[in-house]
Amino acid sequence: MTTKRVTGSEALILSLLEEGVDTIFGYPGGAIMPVYDALYDYDKRVNHILTRHEQGAIHGAQGYARVTGKAGVCFATSGPGATNLMTGIADAMIDSTPLVCITGQVASPLLGTDAFQESDILGMSIPVTKWNYQVTSPDEIPQAIAQAFYIANTGRPGPVLIDLTKDAQFGELDFEYKKCTKIRSYVPETPVDPHAVKEAVDLIDAAKKPLILFGHGIIIGRAEQELKEFIEKTGIPAAWTIMGLSALPTDHPLNVGMLGMHGNYGPNVLTNEADLIIAVGMRFDDRVTGKVSEYAKKAKIIHIEIDPAEINKIIKVNVKVLGDSKKALKMLTYNAKENKHEDWLNEFKKCAEIEQEKVINRDLHPVKPGLTMGEVIRLASEKSNHDAILVTDVGQHQMIAQRYFKFKHSRSNVTSGGLGTMGFCLPASMGAQIGAPDRKVIAVIGDGGFQMTIQELGTIAQNKLPVKIILLNNNFLGMVRQWQQLFFEKRYSFTELQNPDFIMIGKGFGIDGHKVDKREDLESSVQKMMDHDGPYLLEVVIEKEDNVFPMVPTGASVSDVILEP
Amino acid sequence: MKKEFIITVYSENHIGLLTRITIVFTRRKINIESLTVSESAIKGIYKFTIVIKETEAQTQKVVNQLEKLIDVLKAFYHTNEEMIYQEIALYKVPIEPIYESDAIEKIVRKAGARILEITKDYVVIERTGHKEETQALFEELNKFHVMQFIRSGRVAITRDPIERLSEFLKERDAFLDSLD
Ligand SMILES: Cc1ncc(C[n+]2csc(CCOP(=O)(O)OP(=O)(O)O)c2C)c(N)n1
Ligand SMILES: [Mg+2]
Numbered sequence: 001m002t003t004k005r006v007t008g009s010e011a012l013i014l015s016l017l018e019e020g021v022d023t024i025f026g027y028p029g030g031a032i033m034p035v036y037d038a039l040y041d042y043d044k045r046v047n048h049i050l051t052r053h054e055q056g057a058i059h060g061a062q063g064y065a066r067v068t069g070k071a072g073v074c075f076a077t078s079g080p081g082a083t084n085l086m087t088g089i090a091d092a093m094i095d096s097t098p099l100v101c102i103t104g105q106v107a108s109p110l111l112g113t114d115a116f117q118e119s120d121i122l123g124m125s126i127p128v129t130k131w132n133y134q135v136t137s138p139d140e141i142p143q144a145i146a147q148a149f150y151i152a153n154t155g156r157p158g159p160v161l162i163d164l165t166k167d168a169q170f171g172e173l174d175f176e177y178k179k180c181t182k183i184r185s186y187v188p189e190t191p192v193d194p195h196a197v198k199e200a201v202d203l204i205d206a207a208k209k210p211l212i213l214f215g216h217g218i219i220i221g222r223a224e225q226e227l228k229e230f231i232e233k234t235g236i237p238a239a240w241t242i243m244g245l246s247a248l249p250t251d252h253p254l255n256v257g258m259l260g261m262h263g264n265y266g267p268n269v270l271t272n273e274a275d276l277i278i279a280v281g282m283r284f285d286d287r288v289t290g291k292v293s294e295y296a297k298k299a300k301i302i303h304i305e306i307d308p309a310e311i312n313k314i315i316k317v318n319v320k321v322l323g324d325s326k327k328a329l330k331m332l333t334y335n336a337k338e339n340k341h342e343d344w345l346n347e348f349k350k351c352a353e354i355e356q357e358k359v360i361n362r363d364l365h366p367v368k369p370g371l372t373m374g375e376v377i378r379l380a381s382e383k384s385n386h387d388a389i390l391v392t393d394v395g396q397h398q399m400i401a402q403r404y405f406k407f408k409h410s411r412s413n414v415t416s417g418g419l420g421t422m423g424f425c426l427p428a429s430m431g432a433q434i435g436a437p438d439r440k441v442i443a444v445i446g447d448g449g450f451q452m453t454i455q456e457l458g459t460i461a462q463n464k465l466p467v468k469i470i471l472l473n474n475n476f477l478g479m480v481r482q483w484q485q486l487f488f489e490k491r492y493s494f495t496e497l498q499n500p501d502f503i504m505i506g507k508g509f510g511i512d513g514h515k516v517d518k519r520e521d522l523e524s525s526v527q528k529m530m531d532h533d534g535p536y537l538l539e540v541v542i543e544k545e546d547n548v549f550p551m552v553p554t555g556a557s558v559s560d561v562i563l564e565p
Numbered sequence: 566m567k568k569e570f571i572i573t574v575y576s577e578n579h580i581g582l583l584t585r586i587t588i589v590f591t592r593r594k595i596n597i598e599s600l601t602v603s604e605s606a607i608k609g610i611y612k613f614t615i616v617i618k619e620t621e622a623q624t625q626k627v628v629n630q631l632e633k634l635i636d637v638l639k640a641f642y643h644t645n646e647e648m649i650y651q652e653i654a655l656y657k658v659p660i661e662p663i664y665e666s667d668a669i670e671k672i673v674r675k676a677g678a679r680i681l682e683i684t685k686d687y688v689v690i691e692r693t694g695h696k697e698e699t700q701a702l703f704e705e706l707n708k709f710h711v712m713q714f715i716r717s718g719r720v721a722i723t724r725d726p727i728e729r730l731s732e733f734l735k736e737r738d739a740f741l742d743s744l745d
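So the sequences go chain by chain: A and B.
Under the working numbering, think of the first position of the first sequence as 1, with each following residue one higher.
Under the working numbering, think of the first position of the second sequence as 566, with each following residue one higher.
Note that these hints are calculated values from the structure, not bench results.
All C-beta atoms, glycine included, are put in the ideal place defined by N, C-alpha and C.
Treat the hints loosely; a few may be bogus.
Calculated cross-link-like contacts (lysine to any residue; reagent style SDA-like; alpha-carbon spacing at most 25 Å) [what the hints assert, rightly or not]: (1) 708/B <-> 689/B; (2) 326/A <-> 708/B; (3) 633/B <-> 120/A; (4) 633/B <-> 610/B; (5) 594/B <-> 292/A; (6) 639/B <-> 194/A; (7) 696/B <-> 602/B; (8) 337/A <-> 318/A; (9) 320/A <-> 632/B; (10) 633/B <-> 385/A; (11) 179/A <-> 696/B; (12) 198/A <-> 320/A; (13) 291/A <-> 553/A.
A partial selection of chain A residues facing chain B, derived with a Cβ cut-off under 10 Å [unchecked claim]: (14) 127; (15) 132; (16) 185; (17) 191; (18) 307; (19) 310; (20) 313; (21) 315.
The following block holds chain B by itself, in its conformation from the complex (with noise of 0.2 Å):
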């Protein structure tokens, strides 16, 4: 059965990096639904989240095959109750219904959203959340005229108390040591 993975994939800043990690999932015919690039917390290192749709047999294979890249430090899988996890949504919406009545104002607290920016023709609207939370905040708004709309890729953090990738780093180097 598919459902929804995130995978999280550390690895040192090289070009051409992103092309052999997107080819990983092209090749084998598998949509990226969402992506993510940014320096982790230790410099030098990015971390990429990749929100795929498919088995969990496949993903474990496409995890393998992600940490067979040279360059890659480590790929993890997780199941999106495994994560906490965020999208930014930002809604450019015309200013006038907003003189007229105060409905998006009460739709703007109901969601927990803010405003960004009010200038004479329109406002930003800022909403983070899951797509199903953004997405419902769009239809509400789009009842006025959403003139834009733009959804980010999705961060994830793990429910893991320590910090995954410094551990991992230190029996890395420990193990590279060993072999010496």
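Next comes chain A alone, as it looks inside the complex (with noise of 0.2 Å):
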């Protein structure tokens, strides 16, 4: 192997091209000025987005992943850019989203004096990243950024810091690059073992109400196929966490809808009728199971998952099947019998035709004056062909477009489920839009989240990415609002906002918009957001005091959902 005489700055830069890195989210500072200088001799080879604020940069990172399924990369200065990706990490690292994050660090000798920007972002990131590393002397460069990119990406992927300290950024090395490939005390994944594969075949071919529940595990581990086949086969419903949404098509015959909280009637109601649950990839979050104690008692339950740890975490199982979902499904799809439960799809078709009569219908297609989130989502989705990525953040909005938005391909919906980030919308669309250039990006965010990362349109117009934002405006923080009204007597307290001319702002950062608050400008508006060639804000005046349902309140039973107030 031949080496090259180079500084550990850019022994990182030439780490990260060995890994295949095409695009850097970023922003400088004082304790990681010599990678950006180093940088500056490769920006013909490695695109770097230089964000607003290192909260967009992370997020950014985190949509370039979630559509692309290859780990997202940041780089952010020594103290205050470090801690300001903190949230970011902490997302990434309960929605299993593969990161490599390098931070700038004050030298070495002035480690623990509280030195000029020094933090301890170490200790810090401890609880919050899958693994991290200060990296003191550069020959350590290109096997840290080696392991790193092994522990994000492998196994259950998350979120890896590197801190890299300004000596070892200056310093030289010879540089030579190994991959890694393994780590004597870390086991990604272990082989799906077939006893447990028979076991849960015999469940399955003797279950009567069998309802499968997916999530994020099928598009981390690309199960997609494998999902579609086992169910055909099988002829089993299969319900959707919102992290699992788009891993199969909405419009598939055994599709049931959406888990918990604001999902759908009939498999939140029917979860508590089933005889067996197969939960793949999934991790029984409480959104999805409301109160545990009555979730699915008439179940046996299947458990397939890569992470040890999640088995019998929350639920107690009858048969895990440890491993890759995509390898598990196939031994299941090959061992299980043809089956077909017609009388049990039936009921979740019943259910389904009460939810659309006592909420669907109201909210798609609406008879009062007031413009309902809704409806602006299902004219998204269908002068979108359906095949746009969408990108949301977090309250009601969030909701009603994983209700209503729908899929024909995997890897098209990017929101924060486990951490429920506020400002992710914006920044993460952008990083959606940089992985996926010839796809449309949709952006769906909130009037309270807008404004959380709203600086990252200056990222967005000098990169001229055309994300087309949705602004669903209802002058509240409407998720909040709602609990207000339903669970503590109407008391609005500090949930009602003075809001900006989105549109003038949105113009000062060199993007065009329009406002619309007629439902018969409606779908002009929509289309004229669609056509536009660049970046796009289209403020939709929402209905102040709308509510999403159905509704599974906190500490419920998955079965007491309710549909309307």
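Using the hints, build the complex out of the two chains.
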């Protein structure tokens, strides 16, 4: 192998190139300046996106990772730069998103002295990283980066942070790169046990009312086709968590919809009627299970999962199938009998009809004067041929978008699931657009969350990213207001906003847009946005006090889902 | 029902790992009753012995979370009955009572303790045993006003005939090779 004498900073860039990195989201500062200086010579080979805030950089990297399946990369300086990454790291950890975060650090002799812009980012990020490591000597760089990518991408993915002291960036080494393929103390996945598969198949073949619950593990494991083959052979209906959304086309006859707090009526109620639950790549989050002690009591549970720590964590399982979702589903499909569950599917249809009448018609085809979020989402989905990448923020608009946007392709739904991070959408949408330049990216944001990372309009404009931004403006922190209305006697404590002229702000950043508040103008407005060349901001004025239904109130059982106020 | 469990963690030697391990407990509001860390019989591999009072179900979950840590090779948990364990205690006692009677000498003999050092001001006594035993000796000696008392964390060894770690490492290496 040939070696080359380079600085630590250059070694970092070369290592990233070895790992196939084409995009870096970042923000410079004192402690990472040598790295930025090295980057200057490589601007033809790697695309650096200068965001307007480090939170923008990390959510950008997350958006990129979610649509590509490759680790997202971000750079930040020490101290405040590094701490600004923290929310995104926590978000990536809980949503199993692969990231490699590189932070600058003060020179190693200054560590622990409260030097200018020194913060103990290693200590701070321990609880929210899959792994982290501080490099104080230049020759550690290639191996640290190789391990970082290996750990971030394999098994259950997650964020990794490498803290690089300034002297390690300046120092020299003989550069030589070797990809990491194993670490003695780390088993990314266990081979699927055929005995477990056999036990699972026995339960599957015998079940009368089986239900599949799938999550992010299908998308991460690239097991979309295997899931489809499994349900088509066994005739089992499949419901999704929001992290699993888009893994199975919306119009698939066995796709019975969304689980959880604002999910569909059928999958929630019928979870408690099922005699077998097959959970794949999901972790029984409390937003999905409702009251655990009353969850799926009539069912045996099979859990297919790559992370052994998830087994029996929330729900006691009858059969665990550890390992990769793609391999496990393939084995299940091969061994399970062909089957149909028409009566059982009919129960889902009946529930869907009830929900259609009580909730969906009102959301999607309202007759009252005020605009609903549902009709906007319906139009956005239609006008993009149900083929766009949807990126959402957090709140009512998120739940409505998850419920009504339709999907044909996987990796098309980017949302902050486990952490529920407001401010996620706008920067994540630019990462998604960079990761999928040929696809339409639609960002659906609330007026609250928009103002948390609104500065990234600058990044979108500077990089000419043609993101279509739909701002659903109800003039409220709507989701919190909904809870105040339902559970706190309508005491609207600090949830109403005085909002700026968003269109003028967009124009200030150089982004075209317009505002719409009438139903007769809505369709043409959405069309105009879609047809626009370049980024566009469409503000839609929404009825102020609409609520999201159905709803499983916190602490209630999933079968106690409420359809209307 | 909560009871004492001994958790044994084998790990690579990495800075920050102790924090990662303790966070698994503190995040779940589990108090660590005792913690001992040292290099194991195999060079470069460290062994943590952690004692908690918990339900078995929660202990199992904690062990799963510990094993999930990248630098952890393996984690086990055992009940006290399944392990042989010891703690070491040191007692500093004033010298006068020793001149005055053989009471302390009798206590030391009965407890199977030993004297480490004698000066003109004090003696230092050492006893190994379970917490109840070292505590009982403290109560006895404290009649003569113990000047200082310190008890170590627990060290423990399984009753299994085989050395688990070396077996485990062999299996792990073979497994990782099989993945290539
Ligand atoms: C960073 C952060 N802070 C607070 C919250 C709590 N929260 C959840 S939804 C919500 C309201 C969101 O308001 P808006 O963005 O206008 O969306 P809407 O619900 O009105 O659609 C709030 C404050 C959060 N999820 N994230
Ligand atoms: Mg709002």
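Outcome of the hint check:
Straight-line distance between C-alpha atoms of residue 708/B and residue 689/B comes to about 16 Å, which keeps the hinted pair within the 25 Å bound. This hinted pair does not check out: residue 326/A and residue 708/B have alpha carbons roughly 69 Å apart, beyond 25 Å. Taken as a hint, the residue 633/B and residue 120/A pair is honoured in the structure, with Cα atoms around 23 Å apart against an allowance of 25 Å. Note on residue 633/B and residue 610/B: the hinted pairing holds, with a Cα-Cα distance of about 17 Å set against a maximum of 25 Å.
Under the criterion of a C-alpha separation no larger than 25 Å, the hint pairing residue 594/B with residue 292/A is consistent with the structure, at around 21 Å. Distance restraint check for residue 639/B and residue 194/A: the Cα-Cα separation of roughly 24 Å lies within the 25 Å cut-off, and the hinted pair is therefore satisfied. Distance restraint check for residue 696/B and residue 602/B: the Cα-Cα separation of roughly 18 Å lies within the 25 Å cut-off, and the hinted pair is therefore satisfied. Restraint check for residue 337/A and residue 318/A: satisfied, since their Cα atoms lie roughly 20 Å apart, inside the 25 Å limit.
Taking the CA atoms of residue 320/A and residue 632/B, the gap is about 17 Å. The hint holds against a cut of 25 Å. For the proposed pair residue 633/B and residue 385/A, the alpha carbon gap of about 42 Å is over 25 Å, so the pair is violated. This hinted pair does not check out: residue 179/A and residue 696/B have alpha carbons roughly 49 Å apart, beyond 25 Å. With a C-alpha separation of about 11 Å, the suggested pairing of residue 198/A with residue 320/A holds against the 25 Å cut-off.
A threshold of 25 Å between alpha carbons decides the hint, and for residue 291/A with residue 553/A the separation of about 10 Å falls inside it, so the pair holds. Contact between residue 127/A and chain B, as hinted, is supported at the beta carbon level, the nearest pair being about 5 Å apart and thus within 10 Å. Here the hint on residue 132/A is kept, as its CB sits about 7 Å from the closest CB of chain B, short of 10 Å. At about 5 Å, the closest approach between the beta carbon of residue 185/A and any beta carbon in chain B falls short of 10 Å, and the interface hint on this residue holds.
For residue 191/A, the interface hint holds, since its Cβ comes within 10 Å of a Cβ in chain B; the closest pair sits about 9 Å apart. Interface restraint check for residue 307/A: the shortest CB-CB distance to chain B comes to about 7 Å, inside 10 Å, so the restraint holds. The beta carbon of residue 310/A comes within 9 Å of a beta carbon in chain B, closer than 10 Å, and the hint placing it at the interface holds. The beta carbon of residue 313/A comes within 6 Å of a beta carbon in chain B, closer than 10 Å, and the hint placing it at the interface holds.
Because the closest C-beta pair between residue 315/A and chain B is about 13 Å apart, greater than 10 Å, the hint is violated.
The structure shown violates the earlier hints numbered 2, 10, 11, 21.
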